[in-house]
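Protein chains: 2
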Amino acid sequence: MSLIIQKFGGTSLADAEKIHRAARRAIRAKCAGKQVVMVVSAMGKTTDKLLELAAEVSPDPPKRELDMLLTTGEQISIALMAMAIHAAGYDAISLTGGQLGLVTDSAHTRARIQAINRNRLDCELESGAIVIAAGFQGVDAGGEITTLGRGASDTTAAALAAVLHAEVCEINTDVDGIYTADPRLIPVARKMSVISYDEMLEMAGCGAGVMHSRAIEFGKKYDVPIHVRSSFTDTPGTMIMNETKGMEDIVVRGAIIKANLATIVLTGVPNHPGVAATIFAEVSKHNILVDDIIQNFYDSGRMANVGFSTDHAQLGEAVEVCSRLSAEGGFGPVEVDDEVCKVSVVGIGMRTHTGVAAKLFNALAKARVNIHSISTSEIVISCIVRRDESHRALRAIHDAFELDEPPENEQ
Amino acid sequence: MSLIIQKFGGTSLADAEKIHRAARRAIRAKCAGKQVVMVVSAMGKTTDKLLELAAEVSPDPPKRELDMLLTTGEQISIALMAMAIHAAGYDAISLTGGQLGLVTDSAHTRARIQAINRNRLDCELESGAIVIAAGFQGVDAGGEITTLGRGASDTTAAALAAVLHAEVCEINTDVDGIYTADPRLIPVARKMSVISYDEMLEMAGCGAGVMHSRAIEFGKKYDVPIHVRSSFTDTPGTMIMNETKGMEDIVVRGAIIKANLATIVLTGVPNHPGVAATIFAEVSKHNILVDDIIQNFYDSGRMANVGFSTDHAQLGEAVEVCSRLSAEGGFGPVEVDDEVCKVSVVGIGMRTHTGVAAKLFNALAKARVNIHSISTSEIVISCIVRRDESHRALRAIHDAFELDEPPENEQ
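In order, the protein sequence lines correspond to chains A and B. Each residue of the first sequence is one higher than the last, beginning at 1 in the numbering used here. Each residue of the second sequence is one higher than the last, beginning at 1001 in the numbering used here.
With the rest of the complex left out, here is chain A:
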């Protein structure tokens, strides 16, 4: 019998009516002959409210106790969802992370899944019940309650899909799919019908906050298609799946902005072997997240400017570290720009098609967007641009690659 995972996020469970709506979607799948496992998040703003309670009690609560607190949110949701399905006349059973057999390491608030014991799940599914699993939570080997990090109910869903060999992992959410660009910025952005795991990973990494990266990695690793769709309509969303032959025909699948970046550049760095290594080792030691590395050479390659982009929130610490490095090494001034963004285009077609970069730079030039630096990977090209030019840049790119037009093989 085929099995489907249906994950519902907090906005899809915000009140009794929405819970019943989600319950009906699960019941429809059940009636269509599938085994159904629902994965639910905490209702609406529950997690934020619990965090506020914690903040009222302690400025720095122990992580174990935070997990103890926050996991109640999903426990409330699973109980109510089971009640809703029962009220509609169908069998359902709620399972906490522990009852689910979801075993993690002991890293409270950011635990990693180690194993899922299928016994209880199989038993309940064979009895014909819709299983309602608490997202986001697990237990460690000692029975301590753990959580997988904010937004990680997606990860629970993908992990269950992998273990249970689900035909699809549905992510029911408050958006109706993945768009070629943020539709709030680009009104003509188009909902994609498919996107590959790798593209979606890059989109998520570049700032498209629809899904948890780890969930996409699970889907990729275990080849489970992930269907991102609206909880509130029955129209199909976007399928995140393995590449098919035709998907390589699309050179650029989407364009994104990563906002709130800053760049820090150490100037006047002698280009000796090991200098860059020393700099980035020190930066990494301070847990500063390096987004992209910026490097250029001058004076016939004897000197270099070495820098990186990072999250705006880490700028203060990054400047401190770099200033110390510059003083110690006798380099030039540290140049900081905290008014930048990164615009990127993503597409697996770049592997086999040429001329993408040229088309991108041409589009930005025509739109009079100044490019601060460029970075490329196999399926991404990114440009650091001024923040106040970033929306214009995104529009120019979206137009240039005609992302509003459905690809020929999807028409």
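In case anyone wonders, no lab produced these hints; they're calculated from the structure. Even for Gly, the Cβ is constructed at its ideal location relative to N, Cα and C. It is possible that some hints are incorrect.
Said to hold, decoys possible - The calculated label-pair distances, taken between Cβ atoms and stated as ranges, are: (1) A/118 <-> B/1230: 43 to 53 Å; (2) B/1088 <-> A/271: 48 to 58 Å; (3) B/1141 <-> A/28: 30 to 40 Å; (4) B/1233 <-> A/233: 53 to 63 Å; (5) B/1338 <-> A/11: 43 to 53 Å; (6) A/45 <-> B/1188: 26 to 36 Å; (7) A/45 <-> B/1141: 36 to 46 Å.
To be verified - Pulled from the structure, derived: some chain A residues nowhere near chain B, Cβ distances all over 10 Å: (8) 60; (9) 96; (10) 127; (11) 230; (12) 273.
Knowing the structure of chain A, use the given hints to seat chain B on it.
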């Protein structure tokens, strides 16, 4: 090392400030050299709010899912309490019913404790941590989450006190002790310094709603003194404990009203062997709770009026059952009085002292309270009276037995 159990009810945990206050009480006990186990209820009105949520989703939720839902309330409390103690610089660890090793039967919403596995508790206590246990909840042998019934955090506390051989089980609550009568009705009512388990059980059974009866039974069975005291002041409350020699000198320890009763009497019942048995078997079959039995004979003992008092809420069903019995047996009319209360005096001294009933009847006669019926047990005398005369009756009794005066051996 001596060990203390400190239970805090919902009103004592209603906000962050109250949680810190409770934490300080535990820390003081810890600093005084004791091992400390706190038992906490859900904060404020949390349980009621969760029940409202359930009612919005389902008119008749499965009991297993109700337990899944309601136990989140205590889980929130234990996490926050552990955070509060940590914030004050002391070690604490929260434990759910399952982590606590509290194993129950599988009767969801009204489970009974079967065993408490000390391993985890001992381990945490030996490490020096204040243990914060979730009240009200346990797990069955299969790992299903169960609850012990509304108000049963007291029972958790008393059971832990028994298993851990606590020197005392503190019930920290919103009243500062057990009074000789409800102080809202009798302003001169006096807080007792001690009361025996048996007396407290009768007081609770007769309507003094301070504590869960099962908790008192645990205390009695395992000889753990229970200290009922205010969460908000440091004055001692009332110690519920085993009888001591001097306690028998007190003939009447307290007086209570059980409100919202009704009486139903089948008249004209032939006094044949087995007739009363048939009547009460039928009543019991319909789960109607019989408070006291009322019976009197006439016609030289050949005929009887047979009836009982019951909770007002069950009156409709009781009348239906009795009317059918009367019709089938060819008895006289069924007489109903739904405007009655029961006033009772309680005291273990009654076992050895005579004249209590006479003094009680005399006091009620002087106050012109009409007595409908009388029932007695070893340490209780109760009278059914009209509801509108019940407060007058309570005052008269409280005066007659001089309950506002501290007993000589307590001065």
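(request) Starting from the hint 48 to 58 Å, judge whether the C-beta atoms of residue 1088 of chain B and residue 271 of chain A obey it. (result) holds, 55 Å
(message) Does the beta carbon distance between residue 1338 of chain B and residue 11 of chain A stay inside 43 to 53 Å, or does it fall outside?
(response) holds, 50 Å
(message) Confirm or reject: residue 60 of chain A is not an interface residue toward chain B, with every Cβ-Cβ distance exceeding 10 Å.
(response) violated, 7 Å
(request) Kindly confirm whether 43 to 53 Å is satisfied by the beta carbon distance between residue 118 of chain A and residue 1230 of chain B. (result) holds, 51 Å
(request) Kindly confirm whether 30 to 40 Å is satisfied by the beta carbon distance between residue 1141 of chain B and residue 28 of chain A. (result) holds, 36 Å
(message) Does the beta carbon distance between residue 45 of chain A and residue 1141 of chain B stay inside 36 to 46 Å, or does it fall outside?
(response) Between residue 45 of chain A and residue 1141 of chain B, where Cβ atoms are some 37 Å apart, the hint holds.
(message) Verify the CB-CB distance for residue 1233 of chain B and residue 233 of chain A against the hinted window 53 to 63 Å.
(response) holds, 58 Å
(request) With 10 Å as the threshold, tell me whether residue 273 of chain A passes as away from chain B on beta-carbon distances. (result) The claim holds: residue 273 of chain A sits with its nearest Cβ about 49 Å from chain B, beyond 10 Å.
(message) Please verify that the nearest CB of chain B lies beyond 10 Å from residue 230 of chain A's CB.
(response) Residue 230 of chain A clear of chain B: closest Cβ-Cβ about 22 Å, beyond 10 Å.
(request) Would you assess whether residue 127 of chain A, listed as outside the interface, keeps its beta-carbon beyond 10 Å of every beta-carbon in chain B? (result) The claim stands: residue 127 of chain A keeps its Cβ more than 10 Å from every Cβ of chain B (closest is about 14 Å).
(request) Grab the minimum beta-carbon distance between residue 96 of chain A and chain B and tell me whether it stays above 10 Å. (result) The assertion about residue 96 of chain A is violated, with a minimum of 8 Å to chain B.
(request) Mind checking the hinted window 26 to 36 Å against the Cβ distance between residue 45 of chain A and residue 1188 of chain B? (result) For residue 1188 of chain B against residue 45 of chain A, whose Cβ atoms are near 50 Å apart, the range 26 to 36 Å is violated.
The structure is inconsistent with the numbered hints 6, 8 and 9, although it conforms to all the rest.
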